[in-house]
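J.: Here is what each chain is made of, one letter per residue.
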Amino acid sequence: MAATTLLTWQPAAAWHWLAHSTLWGLVLTLAAYGLGRWLYARTGWAVLQPVVVAIVAIIAILATTGISYEQYFASSQFIHFLLGPATVALALPLHAQLPRLKATLLPLSIGVGVGAVVSAVSAIVLTAQTGGDRQLQITMAPKAATTPVSIAIAEQLGGLPSLTAVVTVLAGISGAMFGPWVLDRLRISDAAARGVAIGAASHGLGTSRALLESETAGAFSAVSMGLSALATSVVVPLVLLVL
Amino acid sequence: MVILACQLVGELIARSLDIPIPGAVIGMVLFLGVLVLRDRHRRKQSAGAEPSPPPQHKTGFTAPAELLLTHLQLFFVPAGVGIMAATAHLRTDAIPIVVGLWGSWLVGLIVAGGLVQLLRREKQEQP
Chain A
1040 MAATTLLTWQ PAAAWHWLAH STLWGLVLTL AAYGLGRWLY ARTGWAVLQP
1090 VVVAIVAIIA ILATTGISYE QYFASSQFIH FLLGPATVAL ALPLHAQLPR
1140 LKATLLPLSI GVGVGAVVSA VSAIVLTAQT GGDRQLQITM APKAATTPVS
1190 IAIAEQLGGL PSLTAVVTVL AGISGAMFGP WVLDRLRISD AAARGVAIGA
1240 ASHGLGTSRA LLESETAGAF SAVSMGLSAL ATSVVVPLVL LVL
Chain B
4 MVILACQLVG ELIARSLDIP IPGAVIGMVL FLGVLVLRDR HRRKQSAGAE
54 PSPPPQHKTG FTAPAELLLT HLQLFFVPAG VGIMAATAHL RTDAIPIVVG
104 LWGSWLVGLI VAGGLVQLLR REKQEQP
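Quick mapping for you: the protein sequence lines, in order, are chains A and B. Residue numbers 1040 to 1282, in the working numbering, belong to the letters of the first sequence in order. Residue numbers 4 to 130, in the working numbering, belong to the letters of the second sequence in order.
In short, the hints are calculated from the structure, not lab data. No incorrect hints appear here.
With the C-beta cut set under 8 angstroms, the calculated list includes, among others, these residues of chain A facing chain B:
id	residue
1	1088
2	1090
3	1097
4	1101
5	1111
6	1112
7	1124
8	1125
9	1170
10	1179
11	1185
12	1229
13	1236
Estimated spans, in silico, between C-beta atoms of each pair:
id	chain 1	residue 1	chain 2	residue 2	range
14	B	64	A	1117	18 to 28 angstroms
15	B	105	A	1100	21 to 31 angstroms
16	A	1197	B	93	14 to 24 angstroms
17	B	94	A	1273	31 to 41 angstroms
Every residue, glycine too, gets a C-beta built ideally from N, C-alpha and C.
Chain B on its own, in the form it takes in the complex (with noise of 0.2 angstroms):
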């Protein structure tokens, strides 16, 4: 439940501004601010008695949240399955598009883990 409202909030809030962000990214952001309020409120709660405890990640609404995480792959199925529409292009633009889509995925892919390792290791030598 707490997933589905901050999902239609995201939705709202992506169409009433007219960003191009998804909506269910925003939610994304919105239910991780749900989650770090819910670690405040029980810090407060146990005020510092004894140190916070982990977060616990089997209880309440985060357990769908764990479902819905784990068969994340199912969800991809039915946008996936749309590649058979598009045989036609696929066939007409072969080579640009096979060698546009893979070429970039790797450059993409190589720059941005390269750089952020590059990146952590500078920074862990530094004193």
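Looking at chain A on its own, in the form it has when it is part of the complex (with noise of 0.2 angstroms):
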């Protein structure tokens, strides 16, 4: 009788607990991640980069569930966290090139400098010709800078920065998912190029897949993301005083 009343099966309370842990949100999203990883090692599909098959992956548990964004960033934080210290990381490739990268310096600052502006005029542009108002062009214009910069300029100059930050990923998700692609069309062959035009259009999450390509294209890919990050916020308040 006793052991009946001690092992009663009570899912409401576990289900409690576990909405409120930071646990569920850290196994689904480590387990989301690995099936990204499983995937593209056993395809090899360029396309199916481990990250967005963890996104899609998780999106589709929390629809069906009914479970909110909020709820479930509330409970990764762990591995949100841990994109601090991985950026402070990108230092290990950069170390490892620096003499390449001293070589560099000048076309490396010119490529990102220009590629600033034009990102930044380009996107209040196709925005504005496609019927975008305003304040969506500012939310588009810092997309090309790393994810807590656009949305701080966003911020800072009156765009969506919950949008902004969506755009800023999803540009980084093209960048690991096509960038590659885009640039051997166009016989952009020369890694430090390639690992520029990745870390200036696409911030870490181009980066990412230029690490994978070679330590030249990543080193690069980081240096440019680093200083992007730094144009885009000069770049976007002065391009919008002119457009």
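Each chain sits in its own coordinate frame; assemble them with the hints.
T.: See the structure below:
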């Protein structure tokens, strides 16, 4: 008799604990990422970047279970936190390529600087031409910079920071999925140039793909990403004054 | 530990100077500085007796950094799932968002890459 009262089935209590713990988001994210890595290794398709598979899988699960993004994000805080240290760790390929970076400093700075201007101007013009209002133009303008920077710029200038975060991530995913493919088509084969391009257009997410390509491309992508963040935060307010 | 310390100092610098660069990016520069200083220290120790050894990435605080880089994509997942929170916007402004995003992404990618390749070629062709 006592055993039955001790071992009662209490799914509601378990569910309550689960919903408020930081464990499920962590497990779900790691599992989805593991699935993504497995699929990528299995198929070898560049389009199936682990990050893309993981995001799609998690959105599908959250949508079917009715869990909100806020709940998931709170529960996966730990993984999100590691984005910071991982960015710091990009100094490693940078350090290994330091002599080459120094030798390429001028082309690198010009590429990043012009890239930032072109990115901001084209985002504003294209958005305006297809019927986007001023707020949407401001929201789109900083999307080439890494997420914390693009959000800060959009916030400062009166865009929609949450939407900026989304388009920034999409720009990054595009770089991870299709960046090398586009560069191949245009015969941009120089590893340094490829790295700069991907870092300038697709920040850290693109850099994650460039690192897989070669250490040189990864290092240049990391530098390009850092410089682009800087250039974008200077360029976007100026471009908005003119356009 | 060194990585976290670099990020911490980077965040403090970014916030106290109110510059729009994320602390992690400043932390990246600081970590690079640490690696360079370590090189110099090692070179001094070997005091010109033999050519300095190539930077070793498998030891000490660089091991966790390598691990982080191997799984760089993982850390973008929580932020990326945020796409689901923006579906309303993506629906109402679909065309300007799609055109503005990918048009500008493509132009930025091509201009930056093409320019660097061009400049580097010219430099190499110079005597």
